[in-house]
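Engineer: Sequence:
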Amino acid sequence: MKKVIGLAVLAALLASVAASHLESPVMAQEKKPEAYRPKMAIVNIAKILKDYDKANAMGKQISELRQGYLTKVNDLRMQLSEKNKMLPTISDSAKKEALDKEMRAITRQIEDIDQQAQKTLGEMSNNTVVTVYKEIKETITAIAEANGLELVMAYPDASEQKDMDSPVVAQIKLQTPALMPFYHKNIDITKYVVDTLNQRYPAPKSTAGAGTADPHVKPVGAGLKN
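Quick note, the sequence shown lines up with residues -28 to -1, 1 to 198 if you use mature numbering (1 follows the signal peptide of the UniProt record, and there is no 0).
Hints listed in this document are in silico derivations from the structure and should not be mistaken for laboratory results.
Treat the hints with caution; some may be incorrect.
[Said to hold, decoys possible] Only pairs whose alpha carbons sit at most 35 Å apart, straight line, appear in this in silico DSBU-like list of lysine-lysine:
1) Lys68 x Lys55
2) Lys109 x Lys91
3) Lys57 x Lys109
4) Lys91 x Lys73
Assemble the whole structure, with the sequences as input and the hints as a guide.
Structural biologist: Here is the structure:
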């Protein structure tokens, strides 16, 4: 009798173990995953470019240099125009040949200035674009790491409130392949990026030392609430 009871107990125990193994996958499926809330932020890239002082200073420098080339060329073109008016009035062949030689020299000078302007301005523009992009990217990365952000996306929009209903801005927002939020709340860190950019990479007061960033400057947005 005792032996029978022992076998019955053993069978029940084995059945219980088997049932627990059969139920474990089902229980695993029913277990709810832990809550996950990604930390994201967005930046208005047009606003950043408009309010980034150093980028504006670099752009102004390029514009002033371009204007200098234009002034030189325009002065030479005026000289060329005046000499061209004089040419029909000269009857002496030697003087006419000399004037024609001067005009050809001025024309070559205009061409040389134009080539120099294209090369210099092109290099400056390319270097400025790369520099500004790297500084914006580094600044956004620093702010994201300081605040535990997992994603920061840029979107195109008006740089000023008065331009929000501009047809040009609306067209850019509708056609752009980049992020374009129709609604967002409390995740726009554009101001922090602009403030930190201007602190880390201040606009040069003089040509010397331009573009030197202080490695000890911490992001202005450190500790911002998401």
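Engineer: Next step is simple, just say for each hint if it's right about the structure.
Structural biologist: For each hint, the structure was consulted:
1. A threshold of 35 Å between alpha carbons decides the hint, and for Lys68 with Lys55 the separation of about 10 Å falls inside it, so the pair holds.
2. Simply put, Lys109 and Lys91 have alpha-carbon atoms about 27 Å apart, close enough for the 35 Å limit, and the pair holds.
3. Pair hint Lys57 plus Lys109 does not hold up; C-alpha atoms about 56 Å apart against a cutoff of 35 Å.
4. For the proposed pair Lys91 and Lys73, the alpha carbon gap of about 27 Å is at most 35 Å, so the pair holds.
In summary, the one numbered hint that this structure violates is 3.
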